[in-house]
Structure formats: structure tokens, C-alpha cells
Amino acid sequence: CAQSAPPSASAITLSGVLDLGLRQVRNAGLGTDRSVVHGASSTSRLVIRGQEDLGSGRSASFFLDSTIVADTGGAGASAPSGQFWDRRATVSLTDRSLGELRLGRDWVPTQLVWSGFDPFSTLGVVSANTFRSTAASRVLGQAFGTAPETQAANPTLRVSNAVEYFLPSGLGGLHGGLIATAGERGTTAAGQTSGRGLRLGWSAGRFMVSAAQFTTRNTRSGQDFVDRSLGASWNFGDAKLSLAQRRWRHGDDRQVNTLLGLTVAAGAGQIRLSWVHADQSGTSAATNGSDATLLGAGYVHPLSKRTTLYGQVARVSNQGGASFAIPGGPAVSASPTAANHFGGRRSTAWEIGLRHDF
Amino acid sequence: CAQSAPPSASAITLSGVLDLGLRQVRNAGLGTDRSVVHGASSTSRLVIRGQEDLGSGRSASFFLDSTIVADTGGAGASAPSGQFWDRRATVSLTDRSLGELRLGRDWVPTQLVWSGFDPFSTLGVVSANTFRSTAASRVLGQAFGTAPETQAANPTLRVSNAVEYFLPSGLGGLHGGLIATAGERGTTAAGQTSGRGLRLGWSAGRFMVSAAQFTTRNTRSGQDFVDRSLGASWNFGDAKLSLAQRRWRHGDDRQVNTLLGLTVAAGAGQIRLSWVHADQSGTSAATNGSDATLLGAGYVHPLSKRTTLYGQVARVSNQGGASFAIPGGPAVSASPTAANHFGGRRSTAWEIGLRHDF
Amino acid sequence: CAQSAPPSASAITLSGVLDLGLRQVRNAGLGTDRSVVHGASSTSRLVIRGQEDLGSGRSASFFLDSTIVADTGGAGASAPSGQFWDRRATVSLTDRSLGELRLGRDWVPTQLVWSGFDPFSTLGVVSANTFRSTAASRVLGQAFGTAPETQAANPTLRVSNAVEYFLPSGLGGLHGGLIATAGERGTTAAGQTSGRGLRLGWSAGRFMVSAAQFTTRNTRSGQDFVDRSLGASWNFGDAKLSLAQRRWRHGDDRQVNTLLGLTVAAGAGQIRLSWVHADQSGTSAATNGSDATLLGAGYVHPLSKRTTLYGQVARVSNQGGASFAIPGGPAVSASPTAANHFGGRRSTAWEIGLRHDF
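Residue numbers (our numbering), protein chains in the order written: chain C, 1 to 358; chain Z, 1001 to 1358; chain W, 2001 to 2358.
For reference, chain C alone in the conformation it holds in the complex (with noise of 0.2 angstroms):
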């Protein structure tokens, strides 16, 4: 077998993330369900990347990133089947002075400003991408149709078949990128996307602020899909406060979602709060009372710097006929005449887990 040594020169890393917890949710009037699950406070996930410096300011690197999907045993995405990188697969070539040209399956940018304001990162009971669901949401549903969560459905975490390019380090603060992404002929649901986008930050000290766009032109109706996110963040040493908002167009539907995040120091630890809200608006008046409210808070404690435990508690409140619902209680149903129909009812939670850095 092999053991690691330290670091040298144009080396390739190993390195990941195990991450597993125990989760508890309640559907109101539907029960309440426990399970074992992986990633809620940070991506179980096994990455190999490397760099190698060409001289004169310029470099070549690689970044493979596959989920570990460590509860099951399984890895990478479950759709579309064989997709093992799912979270990154790019090579690059950079130039100090002229940027980054990267090519590969890499995440779209609205999902980086979004994730970037998150106290949660978009993970476990709180995350704000709570509200990122295919059956839940109006606009996801008419652009994508309503697949499995599970799947790969809708550009809004990650795309195959980009190019992109990102400026280089040392503007000042500025920071961003563009992307587009070759259609191929297929569709948004087996993963083959047609998109542009963009993303663009400023940071000065312990401001930053942050926008992307992506938009999406083989979607299910064959309308565009616009996907954008933006953001600002205050750090006050021991407290971080974060402001942002993502927005979904498709035709007539739109969805706004806000959140309010804040992480606060505490002995070794860290304290973490949000208030994620998502308007929906459409033709209808039934989509325009369709509402929901995401609150949450968390604590994380250091064992280590490579190791911590944490715990999380969060709530969905429902307005009208939204359903959404925090994944792994039992099975709801955005449909009215359905038995397990959640429309206006409320989704509590709690989880706490191990996350082990490697």
C-alpha cells in the first residue's frame, strides 16, 4: 500500500471530505421519519486534482471531485447512471497576468455567489437551496419537469460541457468569470445543457459583493430559463453577516428566493443562522400565494481543524398550496387530491453529524 509523504513540487492531491449524521424530519400531518445521511454539513466527497507550473506566469491543472455518497456506499450522481465526477471533472491552463481557461463539467456561477452567502453552504436541514425542488417549485417544474430531486435535471448546481474563463487574481478585488456550455443536441434532463452566463465579485476588506447569471436555452418548453443570483457580506471579526437572493425566470413563472445568513463566533465553535423565504409568482393567484419560509440555526464544534461535530435544527413554513418540504421525511405531494398532499403545512427537522476532513 501506499502512505502519503509531504508536500512536494508538481504533485498530484489526494483529499476529501466523510461526512455523516443522523436526521430526524416531521411532515406535519404525515408522520415524522429518521435516516442516516451524508454531507450535511459539508459534501462527503473524494477529490484528485494537480498542478503543474509551465514557467513564465503560466500553469496546467486538473480537478476531479466525486460525491461519496458514504450512507449507501454508493458514489457520484445517481442520474444520469456512470456520472462518477459529478461535482467537477476540468483541466485548465492559466496565465498569472491574462486569467484562467478551464473546459470540463464544472458548477454554473449563480450556484457559487449563492452557496458563497450561505451559512450553511446549501447543505443539510438549513440550506438554501431548500427551495431548489423540481416537484416543490413552479418555475423548476415547468422548465425541467419534475424528475427525482435526485437527478440531474436542472442546470442550477452544476453543468457538462462548459468553457469557461475566469479572470485572474490581482485585480484589485475584482473577481468573475464567463461560461457558456454546448447543447449537444440533448436536453436539460439528461444533463446536456445549453447555457451562457456570468459572474462577477468585488471584495475590499471585509466587504463583498457578488452577482452571476446563467441562462438556459434548452429547457423542456423551449423557453429560457435565467438563473441569477447576488449578494453581499459584511465580516466583523466574530460575526459575518450575509445578504443575498436568487431569482428563476421561465415564460410567466418567476421565483424569488431571499436569505439573511449569520455566523457568529463561539468559544472554539461557530453559531449559524438563516432565514431563506421564496416568492413564487405566475399567471395564477394560486402560484402567487405559493409561498414558503426557511428557518434554521446550527452549531459547529471543532474537535480538530480537520474534524468537527455539528448540529442543526431547521423549519419550513408553508403559505397556501406551497409543499415544500426538508428532504428525507416522508414522501409529500404537490398535488391537491393526493393523500400525502403538503400544500400550507409545515416541515421541522433536525440533524447532527460527524465531518471528517481528510
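It should be emphasised that the hints constitute simulated quantities derived from the structure, not laboratory data. Glycine is no exception: its CB is placed at the ideal position from the N, C-alpha and C atoms. Please note that the accuracy of each hint is not assured.
[To be verified] Facing chain C, from chain Z, some residues (calculated, C-beta under 8 angstroms):
1. Gly-1050
2. Phe-1062
3. Gln-1083
4. Phe-1084
5. Ala-1089
6. Leu-1093
7. Leu-1167
8. Leu-1171
9. Gly-1173
10. Leu-1174
11. Gly-1176
12. Leu-1178
Got chain C; can you put chains Z and W on it based on the hints?
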């Protein structure tokens, strides 16, 4: 590329096994088949694991283990799809005096005990798990259905969504632990096991005794499936004798597998002998009369500490309607009306192979 | 995380390639498509391998090789499902004077010979395997069915369940070996090939000649499929000329692929030229008249020993009913009644890319 180096503290370890061989199986009356097989002496696998010292006698660790289906280039389980880390995916927190807390996908305690007393580690043509067949075993078929052997259809090997506690070492030879697995609204056929179990053993010098139980609550019928194993071994220096039993119960059906194993040093190598008898019982005379016996021998010849050659022979004798067969031969059926009904017939096999630990 | 270090004895090596590019394919009369492609210059892959010195001129070794479908984050073959180590999974025992015994999944000898003489290593738009299409090639379609190209439907690339012998080095330039694969009651469509083959070559200074045959016995029709390749190359220092042929036979159907290749040093880079002609013959005049010709050129520009930029152009000209197309363009059909019938038409393409070896 990256090459390995001498061990260092707090490291990731990449290791595994590549074991490939040739097997011939003759199923009486149905013909003979030859195949290339993986893992007849030690499961071909890729392991990534690591440990972090947290100080004060505490440590965090992770363990990832993936079957290498080396004869066809596959990895992980064939079902469910995408289960790459099929053998183990866990994260642990260990205290020297309190024990270990472990979360994830792991072995069931009954298989750990049973495999530990089998000279062939429940692998290859002489495997003590030859009678763990959902197609031929009535009790397993009733509890889990007769899905293909290759499917993760029954929790008698490994389970997902486990929460485990292990006793610390240093208890005067006492070892053991507890396990509970979340059902997660799934069925055993989908690999979602709702189970409870424990293991307890004691070793003193050359003597070892161990027992375990694992109860599955979400079987096909809704009735509990109880899996128990116990065994003892004596190490005489050049030889080791082991006696073990694995008992399965579901409703009125029972199967008792009894093992007698012997390993004897022979020059630089080792001779292995195994006798396993399966005694089925239930409400019908047919079930009561359907027993089977496995007799097998093997020789392991080391070329180094990490590389060995091996040869193994085995014979399964069925009584009554029992239709157990050594894997790798012509297809057999337990149905009396089928053209390839195997009730009461003999399956004989040999295999030779090369095993390399890395 | 673990970072690599300088080589040491008896080590595991982690290495691979990340190659991504942009391709445009125009299929005459059907339009033009652009896509992001992986492995147009060197297959994107992850390799884990190792060797152990057993003393007395003997060694044991293993080799695991997995395609990285880097444009979409996939890994391994798309079919059969779960074939992660699709390129190679072998264990070997080597004696310096007796040769190598190898078991597992590996390349067929005919592809090794054919690929070795192709300036483009049978990759990208100028691949000498452009005519290895079960949809467009009559002999392949008859032998293996017209399953999608992406399926492991025919054993003209790699085979599972192989037992191989390789001649030792140091035979005065002679090299080669034998291969036999277990059929395992499966069909070629499922990747279970019952085959026999051999390879023999001789290199002397700047001259090299090599030939191979692989016969598949469990084709769709039950008739043998015979795959033969042979070639020769001359290295003039700054240029290398190669001439090769690959011949397929199944029943009355035949396809002869003839390759003329040239590589010329151009500054720090290399110019590559290739001409490949496919001559189909059979019992019908339609088959006899359905030939095709590929003409292509490429330039490889190294940024370092491990990182290169490349650009390649190609044109496939079909005669009669031949409907070969460069992969990545609008869908084509070999059926004369289909709206997208491509018989006798031209497929043209270019691609540019970045390749990084790690």
C-alpha cells in the same frame, strides 16, 4: 504522476487487492463451464482510508472500500446501480477508553463472525457462504425474494445507513459492539435495511470464541428475519481448528449452516480444509429434506508476503430438493418442472489463481 | 489530504490524463454541431498501478485504468453499467526470461497493433477507428448488431475475462503474445467474448513490423468473427511513415481498412497526417460499392513535457451507400428510407483541445 513514499503521521492510505483466477464448475447433468473469476482467495478491492490523531487518546478516521470486478473491469456492486463503495464507507470517532462510534455502510456482525471462522473467508468455490443463495435457500427466498445473487437483496453481508458502537481494545480479550440501521422507508430489496444487532467475542491466547445476531425488520413479508452466528477456534501453532454455526430464521422457515474448518501449515504455504452442512427446516416435508453439504480443500503458496498462488477444489452434494450450486457453472433451477432442475444433484469445481496485495 | 513524493521502490503509482477540447462536425445536408469532447488527443483516464519485486528476476504487478468522461463528469464505460475500470484491470506475474502471465480485462492484440501505427492513436476526428462503427459497417453490424457505438458491443477494442501470455523482452527485437478469453455463457453484446488471439512483432533500429489476429466465437450469428491487423513503420528521425491494414471477416462480409500515416517534427511540435480507406465487400453489389475514405491532419504544440495544445481537421468521403460519419455531428442513418440517410455523403470536422498528463 504520483508515487508513494514511506509512511508518515496522519496520512491517507491507498491500498487493495487484485485477485484473478480460472474456475471450472461441473453441475451434474447440466455440463461444465470455465470462467475467469475475481476474488476467489481475497476480494479484489480498492481501499482509501485515513486517521487523524485528535489528542487525549481520541482519533477520527474514515474508510472507503470498493470491490474491483477485475475480470470484466467493473467496480462496486452490480445492484444497486452506482454503489461504488459497496464494501464499506464509514467515518469514525474513537476514544481509547470509551470505544468507537462509527457511521455509514459496513459489514453486519454475523458475517464478521462467520467469515472469521471460515478458512476460505467466505470466498471462492469453498466459501462457507455457498448456501447464502436467495434462489436455493428457502428461508432467504421467503424473506428477501429470489432476486439474482449479485443483487444487494439481503442484509446478510453488509448494510447501509448504519450507526455502530465498538468496544475499546484493552478489555482483557473481550471485543464486540452494537449496530442499528435506519430503514429509511425502503425495503431490503433496495438495500434499505431496518435492523438491530450485536457482536461479542473473547480471545485468550490460542483460543477464540465469538457470537453475533442481526435482526432485519423490513423483510418482504413484514416478519422479522433473524441471523445468528457463533463459533470457536483453537490455534495449535502449525494448525488451526474452527467450529462455527450460522442460523437463519424467518416465520416457520429455518436454515442452520454448520462449519468445520482446518488450516495446516505446509512448508511455506498453507493447506485449508472445510466442511459445511446446510440443514433446512420448515412446515413442509420437502423443505425438511432439502439439505446440502459442501466439502472443499485448498492450498495457498506465497511468492512473497504480498503475492500468492492458490488452488482450491470443492464439491456440493444436495439432498432431496436442495439445489445449491457452486457459482460459475451452467445455470440451475430450484423449480422441479424446469429443464435444468438441480434438486439432489452435485456441483463440483476447481479454481487456480494469482493474488496480489497492494 | 495526501500529496505525492519522489518515487520509491515497490510503490503504487497514481497517474492519468485530462484531455478536453471543442469539436465541430458538419454532416453534409444535415447541418453542423459543436460539442465539448474528452480524449481527442489522448484518452482522459485515471490509472492506478503497482509492481512488486519478487526476486530472482520475477515480479508481480497490477494495472487499473478508467476512462474519465471529462466533458460530462462520467467514468468508465456507459455500457455495461458499472464498468468503471473499462480500459484495463489486470494482475500479472512476470519472469525476466520466461515472459509475463496476465489475467483480467485488457486490450485485444489487433487494436494494439492498429493503434500503434495510427499517428492519431485511433482518437479524435482523424481516428483510424472512424470506420469501426457497428451502425455503418456491415460486417460489424452483422457480427455484433447495431447497438449504440458507446456500448461495449464488439470486442475490437478490449475484452473481459482474458488469460494472456507475453514474450519476455530481450529477444532481439521480437515481441508478442497470446490471448484467450472465457465466453462465460454470455454474448458479445454483453461484453462476454469467447475469443482466441495472438500478436507478433519485430523491431530493428528505425524499422518496426507487427501483426495480430483475434477470433471471436460467440457473435450474434454464431459464426466466427475474424479480426486481423498488420503494419510496418519507418522512422527517418524527423519523420515517421507508417502503413497498416485491419481486416474484418464474418460469414461472407468483409471490411479492409488501410492506413497510411505520417508524422513530421515541426519546431517544438509535430505535424500528423493520415489517410484511411475502408473497403467493404459481401454478397450484394450495394455492400461492394459502399466504401469510404478518411483524410485528416493535426498539429500538436507542447507547452511542457506533460501539457500540450492540439488542433485537428478531418474529412470522411462516403461512396455508394456507405454512411460513415465523424462522431459529434447531427445524427445520421444508414437506412435509405430515413430522413437523415447519409449514404454517399461527406462528414467534415475540426477540433482544438488541451491535454494534460498527470
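- Would the hint on Z:Phe-1084 stand, with a C-beta cut-off of 8 angstroms toward chain C? holds, 4 angstroms
- Does the CB of Z:Leu-1178 sit less than 8 angstroms away from some CB of chain C? violated, 15 angstroms
- Restraint satisfaction for Z:Leu-1167 [CB to CB of chain C, less than 8 angstroms]: violated, 19 angstroms
- At a threshold of 8 angstroms, is the proposed contact between Z:Gln-1083 and chain C supported by beta-carbon distances? holds, 5 angstroms
- Item | Z:Ala-1089 as chain C interface residue, shortest Cβ-Cβ below 8 angstroms | Holds: closest Cβ of chain C sits about 4 angstroms from Z:Ala-1089, inside 8 angstroms.
- Message: Next item in the hint list is Z:Leu-1093. Is there a CB on chain C closer than 8 angstroms to its CB?
- Response: holds, 6 angstroms
- Should the hint that Z:Leu-1171 touches chain C count as held when the rule is a Cβ pair under 8 angstroms? Violated: closest Cβ of chain C sits about 24 angstroms from Z:Leu-1171, beyond 8 angstroms.
- Message: For the restraint on Z:Leu-1174, tell me whether the closest CB of chain C is nearer than 8 angstroms.
- Response: violated, 26 angstroms
- chain C contact restraint on Z:Phe-1062 - CB to CB distance below 8 angstroms: At 4 angstroms from the nearest chain C Cβ, Z:Phe-1062 passes the 8 angstroms test, so the hint holds.
- Status of the Z:Gly-1176 interface restraint (C-beta, 8 angstroms, chain C): Nearest chain C Cβ about 21 angstroms off; hint violated.
- Item | Z:Gly-1050 as chain C interface residue, shortest Cβ-Cβ below 8 angstroms | Z:Gly-1050 check passes; min Cβ-Cβ to chain C is 5 angstroms, inside 8 angstroms.
- Query: Taking the least C-beta to C-beta distance, is Z:Gly-1173 closer than 8 angstroms to chain C?
  - Reply: Status violated, d = 28 angstroms.
Checked against the numbered hints given earlier, this structure breaks hints 7, 8, 9, 10, 11, 12; the rest are met.
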